[in-house]
Amino acid sequence: KQEVTQIPAALSVPEGENLVLNCSFTDSAIYNLQWFRQDPGKGLTSLLLIQSSQREQTSGRLNASLDKSSGRSTLYIAASQPGDSATYLCAVSNTGKLIFGQGTTLQVKP
Amino acid sequence: GAGVSQSPRYKVAKRGQDVALRCDPISGHVSLFWYQQALGQGPEFLTYFQNEAQLDKSGLPSDRFFAERPEGSVSTLKIQRTQQEDSAVYLCASSLQPQGTEAFFGQGTRLTVV
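Line by line, the protein sequences are chains A and B. Following our numbering, the numbering of the first sequence begins with 1 at its first residue and continues without gaps. Following our numbering, the numbering of the second sequence begins with 1 at its first residue and continues without gaps.
Treat the hints as calculated values from the structure; they're not laboratory data. Think of the CB as a built atom: it goes at the ideal place given N, C-alpha and C, for glycine as much as any other residue. Be a bit skeptical, because a hint or two may be false.
As the list claims (entries may be wrong) - Ranges between beta-carbon positions, derived for each pair:
#	chain 1	residue 1	chain 2	residue 2	range
1	A	Gly16	B	Asp56	38 to 48 angstroms
2	B	Pro70	A	Asn63	22 to 32 angstroms
3	A	Thr58	B	Gly3	17 to 27 angstroms
4	A	Thr58	B	Gln80	44 to 54 angstroms
5	B	Glu52	A	Glu56	34 to 44 angstroms
6	B	Glu85	A	Glu3	17 to 27 angstroms
7	B	Lys14	A	Gln51	42 to 52 angstroms
8	A	Pro14	B	Asn51	41 to 51 angstroms
9	A	Asn63	B	Thr76	34 to 44 angstroms
10	A	Asn63	B	Lys14	16 to 26 angstroms
11	A	Pro14	B	Gly28	25 to 35 angstroms
12	B	Glu85	A	Pro40	19 to 29 angstroms
13	A	Pro14	B	Ser7	39 to 49 angstroms
14	B	Gln99	A	Ile7	34 to 44 angstroms
Claimed, not checked - Subject to a maximum C-alpha distance of 25 angstroms in a straight line, what follows is the list of computed SDA-like cross-link-like pairs (lysine to any residue):
#	chain 1	residue 1	chain 2	residue 2
15	A	Lys42	B	Gly40
16	A	Lys109	A	Thr26
17	A	Lys42	B	Thr101
18	A	Lys68	B	Thr101
19	B	Lys11	B	Thr101
20	A	Lys42	B	Leu39
21	A	Lys42	B	Ser5
22	A	Lys42	A	Lys68
23	A	Lys42	A	Asn22
24	A	Lys42	B	Phe104
25	B	Lys14	B	Gln41
26	A	Lys42	B	Ala2
27	B	Lys14	B	Arg110
28	A	Lys42	B	Ala53
29	B	Lys57	A	Thr26
30	B	Lys11	B	Val114
31	B	Lys57	B	Val74
32	A	Lys109	B	Glu85
33	A	Lys109	A	Lys68
From just these sequences and the hints, can you work out the full model?
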């Protein structure tokens, strides 16, 4: 059974810092991995999608990497801003449905 | 519409009441998923449709939960005889193809059973 773990559960950093969020999964037979952002009381916003054949994807200040063999992904956020404060969720897909981690709640202090 | 639309945004139900939650996926998206998110947790899979066919309902927690997508677009998640443990946010997502493509989520319906 696929299990997804995110570390840390919560993170607080001063504005401007670079930071890394971690995601690990137990079954490497995945089609893709997706990172989402969730603001309080809102739905999920897709940030990056990495196909199983890819090693990384970049969008603006965000960079996500995927190491399928070790069952790990990282989301790197450069030059963090208070507007980045949210919960970040990673999810893997191997049959179409997504299996989520519990998320990392990020607070960026001005 | 441009995104996945869910209604209502909020629903308060008395224990024992039946509720129906609606999802309008992105036009042309073949796949539609329902997830349940408890407070402070990641979403958990409930059920999956490919067009009008319900291919996976392994995540539905009991036979009180029922979902349909009769014409392959709009979907309804129905919960009969609601109980307090059904209180959660119910999220709908759609994707263009069955596998390997990006999933887009709606804003969710927050269900509170009192």
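To see whether the hints hold, each was checked on the structure:
Our hint of 38 to 48 angstroms for Gly16/A and Asp56/B holds, since their Cβ atoms are close to 44 angstroms apart. Roughly 42 angstroms separates the CB atoms of Pro70/B and Asn63/A, a value that falls outside the hinted 22 to 32 angstroms. For Thr58/A and Gly3/B, the hinted distance range of 17 to 27 angstroms is satisfied, since their beta carbons lie about 23 angstroms from each other. In this structure, Thr58/A and Gln80/B meet the distance hint of 44 to 54 angstroms, their C-beta atoms being roughly 46 angstroms apart.
Restraint check, Glu52/B to Glu56/A: a C-beta distance of roughly 37 angstroms satisfies the suggested window 34 to 44 angstroms. For Glu85/B and Glu3/A, the Cβ-Cβ distance of about 22 angstroms falls inside the hinted range of 17 to 27 angstroms, so the restraint holds. For the pair Lys14/B and Gln51/A, the supplied restraint of 42 to 52 angstroms holds, since their beta-carbon distance comes to about 46 angstroms. A C-beta distance of roughly 49 angstroms is found between Pro14/A and Asn51/B, which places it inside the suggested range of 41 to 51 angstroms.
Take Asn63/A and Thr76/B: their Cβ atoms lie about 39 angstroms apart, and the range 34 to 44 angstroms holds. Between Asn63/A and Lys14/B the C-beta distance comes to about 48 angstroms, which lies outside the given range of 16 to 26 angstroms. A beta carbon spacing of about 44 angstroms between Pro14/A and Gly28/B contradicts the range 25 to 35 angstroms that was offered as a hint. A C-beta distance of roughly 22 angstroms is found between Glu85/B and Pro40/A, which places it inside the suggested range of 19 to 29 angstroms.
About 40 angstroms separates the C-beta atoms of Pro14/A and Ser7/B, a value consistent with the hinted range of 39 to 49 angstroms. Taken as a hint, the range 34 to 44 angstroms is violated for the pair Gln99/B and Ile7/A, whose Cβ atoms sit roughly 28 angstroms apart. Between the alpha carbons of Lys42/A and Gly40/B the distance comes to roughly 13 angstroms, so the proposed pair stays at or under 25 angstroms and holds. Between Lys109/A and Thr26/A the CA atoms are separated by roughly 33 angstroms; this puts the pair beyond 25 angstroms, and the hint is violated.
For a cut-off of 25 angstroms, the pair hint linking Lys42/A to Thr101/B stands: about 22 angstroms separates their Cα positions. This hinted pair checks out: Lys68/A and Thr101/B have alpha carbons roughly 18 angstroms apart, not beyond 25 angstroms. Between Lys11/B and Thr101/B the alpha-carbon distance is near 31 angstroms, which puts this suggested pair outside the 25 angstroms criterion. With a C-alpha separation of about 12 angstroms, the suggested pairing of Lys42/A with Leu39/B holds against the 25 angstroms cut-off.
Between Lys42/A and Ser5/B the CA atoms are separated by roughly 12 angstroms; this keeps the pair inside 25 angstroms, and the hint holds. About 30 angstroms separates the Cα atoms of Lys42/A and Lys68/A, which puts this hinted pair outside 25 angstroms; it is violated. A C-alpha spacing of about 22 angstroms is found between Lys42/A and Asn22/A, which places the hinted pair at or below 25 angstroms, so the restraint holds. A hinted pair counts as satisfied when its Cα atoms are at most 25 angstroms apart, and Lys42/A with Phe104/B qualifies at roughly 13 angstroms.
With a CA separation close to 24 angstroms, the supplied pair Lys14/B and Gln41/B stays within the 25 angstroms bound. Of the pairs offered as hints, the one joining Lys42/A and Ala2/B holds, with about 17 angstroms between alpha carbons and a cut-off of 25 angstroms not exceeded. Between the alpha carbons of Lys14/B and Arg110/B the distance comes to roughly 14 angstroms, so the proposed pair stays at or under 25 angstroms and holds. For the proposed pair Lys42/A and Ala53/B, the alpha carbon gap of about 28 angstroms is over 25 angstroms, so the pair is violated.
Distance restraint check for Lys57/B and Thr26/A: the Cα-Cα separation of roughly 23 angstroms lies within the 25 angstroms cut-off, and the hinted pair is therefore satisfied. Among the hinted pairs, Lys11/B with Val114/B is consistent with the structure: their alpha-carbon atoms are about 11 angstroms apart, no more than 25 angstroms. Between Lys57/B and Val74/B, the direct Cα distance comes to roughly 17 angstroms. Compliance with the 25 angstroms bound is thereby established for this hinted pair. At roughly 35 angstroms between alpha-carbon atoms, Lys109/A and Glu85/B are farther apart than 25 angstroms, so this suggested pair is violated.
A threshold of 25 angstroms between alpha carbons decides the hint, and for Lys109/A with Lys68/A the separation of about 33 angstroms lies outside it, so the pair is violated.
The earlier numbered hints that this structure contradicts are 2, 10, 11, 14, 16, 19, 22, 28, 32, 33.
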